Amino acid sequence: MTKSVSEQLLKGLMLLSLDGDEAAYRRLLVILRDLLLAFYRRRLGSDADRDAEDLVQEVLLAVHGRRITYDRERPFTAWFFQIAKYKLIDHFRANGGKRDVEIALGDEIAAEFREEALFAHLDVDRLLDQLPAKQRELLRQVKIAGKTTAEAAIETGQSEAMVRVSIHRGMRAIGRKLGFANDEK
Amino acid sequence: MTKNDEFIEALVSDLTPVRPHALRMRLALAIVVGVVGAAVALLISLTFRPHLHHVTVAAFWVKFLYTVILMSATVVALERVARPEGSIGRMVQVLALAFGVVVLLAIVQLGLSPASSYPGLIIGFSASFCPFLIVAFGIPSFCANMWFLRRAAPTRPALAGFVAGACAGGVGGWVYSWACVENGIPFIAIWYTLGILLSGVVGSLVGKVSLRW
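Those protein sequence lines, which keep their order, are chains A and B.
The working numbering puts the first residue of the first sequence at 1, with every later residue one more than the last.
The working numbering puts the first residue of the second sequence at 1, with every later residue one more than the last.
FYI, nobody ran anything at the bench for these hints, they're computed from the structure.
Hints are not guaranteed to be accurate.
Distance condition first, Cα-Cα at most 25 Å in a straight line; then the derived SDA-like pairs of lysine to any residue [to be verified]:
#1 Lys147(A) <-> Gly157(A)
#2 Lys208(B) <-> Phe92(A)
#3 Lys11(A) <-> Asp14(B)
#4 Lys177(A) <-> Ala38(A)
#5 Lys11(A) <-> His21(B)
None of the values given here were measured: they were computed from a predicted structure.
With the sequences and hints as input, model every part of the structure.
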């Protein structure tokens, strides 16, 4: 199994950090913060910005204080993800407090909280690689390189309608892998 | 954002290198402290029990090896369960296998012995306090294990507490076996196992409330 982009990058930074490299550590923390902020904000809703920021700080603090528990031989993303998940659940148990509804909501968010989804921004390549070659190429051209569907249609020799359908399917397939239930029926 | 950046800067300025296997070294320290603590408890208890009975070589080694295996399996599991993504691995299977072997040996011993000796082999004279002494001897080890876990990152507190407790029971049982006067393998299978299990259950309860972070 090939290692994902995020795993290689983040593990490299973590190993340097454990050896005391401050620049690497700063870069690692900034990447992790941005990943978490984007993720928690999306899940907690826009009115919970403060919550998301507090939560991010708690996770980073845990990463810092408990970095001794990272095993250099094992994947970094799995280690970090479990800390982030633990803190998310803890957040709902502690702050969500007594109401069952909030605990249930927390459980639901935690259940949807997947390693793939957290590292998605770093792992576009890995996600695309899981799609059929035709869809992958179209998504690269339209969603990443920024071409129009018309241009992509000419380039691949398909009708524009087919290109649109193909891209739509590709996006839905990625959504499913990330655990977003955006399937219409 | 600036507040967040300051936060990251604060963490960066607090960065100190972590040596490879730092967590394992810490665990090793906890285990050594636990063994020494149990040995001290044993020495103290010997002053209350000056005359030693005769123990057969076989019984001594069964006790010794059984507890060493339980201790080793739980130490390995403890190292793993201390990490956020860690699982206990094959601990349960190893413990069950060790228990199975001792039960088998116990049945063999009972088969070879006259029925009149059964009370001695099963209850002995220390059954009423043996499990509790094993738990008591394990207390220093349990404290050391909890110290270790509270600075680690276990994401399943009750399970981590159970492993810490069972490990303490293993340490306590091992040291206790050095001067245990029983000759019955059935005795070991029942009362040693109960003591270690009891220690694990207590650990699980303590872990559930005290291993949050």
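- [ ] Please work out if lysine 147(A) and glycine 157(A) have their alpha carbons no farther apart than 25 Å.
- [x] With Cα atoms ~15 Å apart, lysine 147(A) and glycine 157(A) stay inside 25 Å; holds.
Task: Restraint status (C-alpha distance of lysine 177(A) to alanine 38(A) at most 25 Å) - done: The hint holds at about 18 Å.
Open item on the list: lysine 11(A) and aspartate 14(B) were given as a pair; does the straight-line alpha-carbon distance stay at or below 25 Å?
Closed with: This hinted pair holds, its Cα atoms lying about 20 Å apart.
Open item on the list: Run the distance test for lysine 11(A) versus histidine 21(B): straight-line Cα separation, threshold 25 Å.
Closed with: 16 Å, holds
Open item on the list: Can you confirm whether the C-alpha distance between lysine 208(B) and phenylalanine 92(A) stays at or below 25 Å?
Closed with: With a Cα-Cα distance of about 17 Å, the restraint between lysine 208(B) and phenylalanine 92(A) holds, given a limit of 25 Å.
When each numbered hint is compared with the structure, no violation occurs for any of them.
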